[in-house]
Every structure is written in C-alpha cells, then in structure tokens.
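Asks: Sequence:
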Amino acid sequence: MKKIIFFSITVCLFVQVCAAQSGHTNWKGWSFDFNISSARNSGLEITNVYFNGKKVLFRGSLPVIRVQYFAANPCGPYEDRIGPSNVIDFTCSGTGATGKLCQFQFNWGGGQWLEIGTYATIGAYHLYQAWYFSEDGRLHSRMWSKGLHCQQDHEHHPYWRLDFDINGLSGDQAFVKGSSRPNSSWGPGWLKIRNETKMTKIAGYNEVWFCRDNATGNGVWLIPGASDGNAGSWCNEDFNVRLYKGSEDVQWMFGASGNLGYNEFENVEEKDLVMWYTPHLFHHAHEGEDQWHWVGPTIICHQNR
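Taking the working numbering, the leading residue of the sequence shown gets 182, the next gets one more, and so forth.
Quick caveat, the hints were computed from the structure, so don't treat them as lab data.
Just so you know, these numbers come straight off a predicted model, no measurement behind them.
Heads up, some of the hints might be wrong.
[To be verified] Distance ranges between label pairs, derived from CB positions:
no.: 1; residue 1: N376; residue 2: W289; range: 31 to 41 Å
no.: 2; residue 1: A384; residue 2: P258; range: 19 to 29 Å
no.: 3; residue 1: N417; residue 2: H474; range: 13 to 23 Å
no.: 4; residue 1: P369; residue 2: Q332; range: 44 to 54 Å
no.: 5; residue 1: G349; residue 2: N376; range: 15 to 25 Å
no.: 6; residue 1: S365; residue 2: G469; range: 42 to 52 Å
no.: 7; residue 1: W473; residue 2: P258; range: 16 to 26 Å
no.: 8; residue 1: A305; residue 2: Y231; range: 19 to 29 Å
no.: 9; residue 1: A384; residue 2: S428; range: 28 to 38 Å
Yeah, the Cβ is synthetic: ideal placement off N, Cα and C, and Gly gets one too.
With the sequences and hints as input, model every part of the structure.
Replies: The following block contains the structure:
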C-alpha cells in the first residue's frame with residue numbers, strides 16, 4: 182500500500198506562481214501533488230499524477246545526482262541530494278516572485294506549458310530541478326546544472342525514480358523499443374522486459390521505453406533527452422526496472438560510488454513496477470562555472486480509453 186501525506190497543503194489552480202513547498206495543482210487536464218522532499222531528500226517530487234482523469238504516476242522523484250571527476254585530484258566522487266537543507270530562495274523567471282518554488286504558465290512550441298521548479302546549491306554546484314507539463318500530455322523532467330567544485334572535467338549522473346501506476350497499482354508492463362531489437366511477439370523492435378534489469382542505450386538505435394497497463398493499453402513513453410549522454414564504466418546504467426517494494430521506497434542508499442541496487446531479477450510482468458532513468462551530463466571545465474547544462478527525459482501519455 183502506498184501512502185502520501187502532506188502538511189501545510191496549498192492548492193494552486195490556474196496560477197502564475199505558488200510559493201508553497203508542497204501543495205496540489207490542477208491545470209489543463211493535469212492533476213498532481215508536489216513536495217520538496219524532506220523524508221527522502223529526493224528533490225521536487227510530483228505525486229498522484231493524473232492526466233485527463235487517468236492515473237499516470239504515483240511518484241516522480243530525483244533521489245540522487247552522482248558526480249564523477251575524471252582527473253586524479255581530491256575532488257569527488259560526490260553524492261548530491263536535493264532537499265530542504267540546500268533549497269534556496271530564488272527569483273522565478275516567469276513571475277518575478279521570490280521563493281523556494283516557482284510555478285507558472287508559459288507558451289512554447291505553439292502550445293501552453295506549466296513549469297514547476299526549485300533551486301538548490303550544493304557546494305559549488307547550482308542545480309535547478311523542474312517538471313514541465315504540456316496541455317497535450319507531455320511531461321519534461323529536467324535538471325539544470327552549473328558550477329565548478331574543481332577546475333576539472335566532470336560528469337553529473339542524476340537518477341530519476343519514476344513509479345508509474347498506469348490506471349492503478351498492478352498490471353503494468355515494461356518494454357524497450359529500438360531498431361536493434363528483434364521481434365519477440367510484440368512487433369519489430371519491441372522487447373518486453375520480464376524481470377528486474379539494468380540496461381544501457383545502444384548508440385544509434387534510438388531506443389525508448391514504454392510502460393503499459395495490460396488491461397487498458399494505456400501507457401507512457403519514456404524518451405531520452407537530446408543531451409543525455411551515454412553510460413560509462415563508472416556509471417554503467419541508463420535505465421533500470423524494479424518491482425515495487427515499500428522497503429526500497431527510501432532515500433538513496435548506495436553512496437557516491439554505487440550504482441543502483443535492488444536488482445534481484447524478480448519477475449515484473451503485469452506487476453507494480455518502478456522505472457529508473459539515468460542521463461549523463463558532461464561539464465567541460467574550460468566552459469567555466471556560469472555555463473548552464475541540462476539533461477532529462479520526456480514522458481508522453483498514451484491513452485486509448
């Protein structure tokens with residue numbers, strides 16, 4: 182059983198700004214709760230996410246950003262986690278208001294969007310974590326970063342935890358689709374993920390992931406961002422699937438040097454599953470400390486009925 186409890190709830194309905202650190206928003210078919218996580222220090226979480234009245238996410242969060250420096254020096258590795266202790270007041274670019282959370286509507290690409298974000302400083306790093314909702318069912322999850330702790334090239338590896346509950350807790354299916362995948366009874370390029378697993382993207386094959394409700398066919402696409410990079414030897418994962426367990430719904434437990442654990446190869450077919458997505462944000466030191474970079478996936482709702 183999954184439970185979310187918020188204190189000091191604020192409801193934000195068709196708003197330009199909402200300064201509260203937790204609350205609820207209804208906007209253009211979207212309905213969700215938000216919370217700057219204190220229990221898990223997993224960033225700006227969105228929970229109980231619905232689009233057009235249909236459940237999409239139980240929780241989307243950012244439990245950790247692992248930071249790797251490449252040259253031999255006393256820097257790193259680091260385990261950065263966004264929470265109340267490092268979230269700061271900032272001026273919301275869309276409204277001019279000051280607070281720890283920014284929420285506003287804007288127009289882009291011929292449509293309307295809602296942005297909700299928070300700003301954290303961890304050491305020399307400046308981090309802006311945001312969710313962008315579109316009126317047509319797209320959801321961009323982004324992490325922006327700038328700053329140099331050492332004058333060396335380094336890479337940030339944010340871990341998004343996406344607990345999709347498509348139309349409810351159970352009955353979810355996970356797929357990877359790419360031009361390198363054989364036809365395994367689901368059509369050319371489609372591979373059903375049957376057990377807990379870790380995956381890396383195959384370069385040049387445009388791989389995407391899909392979480393589907395078995396009963397309705399409704400689902401969500403998980404599409405890598407244009408600047409999301411590729412896994413390497415230190416952070417050797419792009420995508421993970423896990424069976425949901427309450428005991429694993431906690432803060433990051435694997436330190437700065439550890440990749441994601443919990444992989445017991447348990448069956449995840451038509452179960453309550455969790456997807457993890459990990460991009461790789463490279464920062465060249467010669468670009469300086471004021472150059473913003475971003476990474477993050479796009480989630481697209483696919484609703485049949």
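Asks: Could you run down the list of hints and mark each one as holding or not?
Replies: Results of checking the hints against the structure:
1. Against the hinted window of 31 to 41 Å, the Cβ-Cβ separation of N376 and W289 comes to about 39 Å, which satisfies the hint.
2. For the pair A384 and P258, the beta carbons lie near 25 Å from each other, so the given range of 19 to 29 Å is met.
3. Our hint of 13 to 23 Å for N417 and H474 holds, since their Cβ atoms are close to 21 Å apart.
4. At about 48 Å, the CB distance of P369 to Q332 agrees with the hint of 44 to 54 Å.
5. Between G349 and N376 the beta carbon distance is about 22 Å. The supplied range of 15 to 25 Å therefore holds.
6. Between S365 and G469 the C-beta distance comes to about 48 Å, which sits within the given range of 42 to 52 Å.
7. Taken as a hint, the range 16 to 26 Å holds for the pair W473 and P258, whose Cβ atoms sit roughly 22 Å apart.
8. Distance hint check for A305 and Y231: the Cβ-Cβ separation is about 39 Å, which falls outside the suggested range of 19 to 29 Å.
9. The supplied range of 28 to 38 Å is met by A384 and S428, whose beta-carbon atoms lie about 35 Å from each other.
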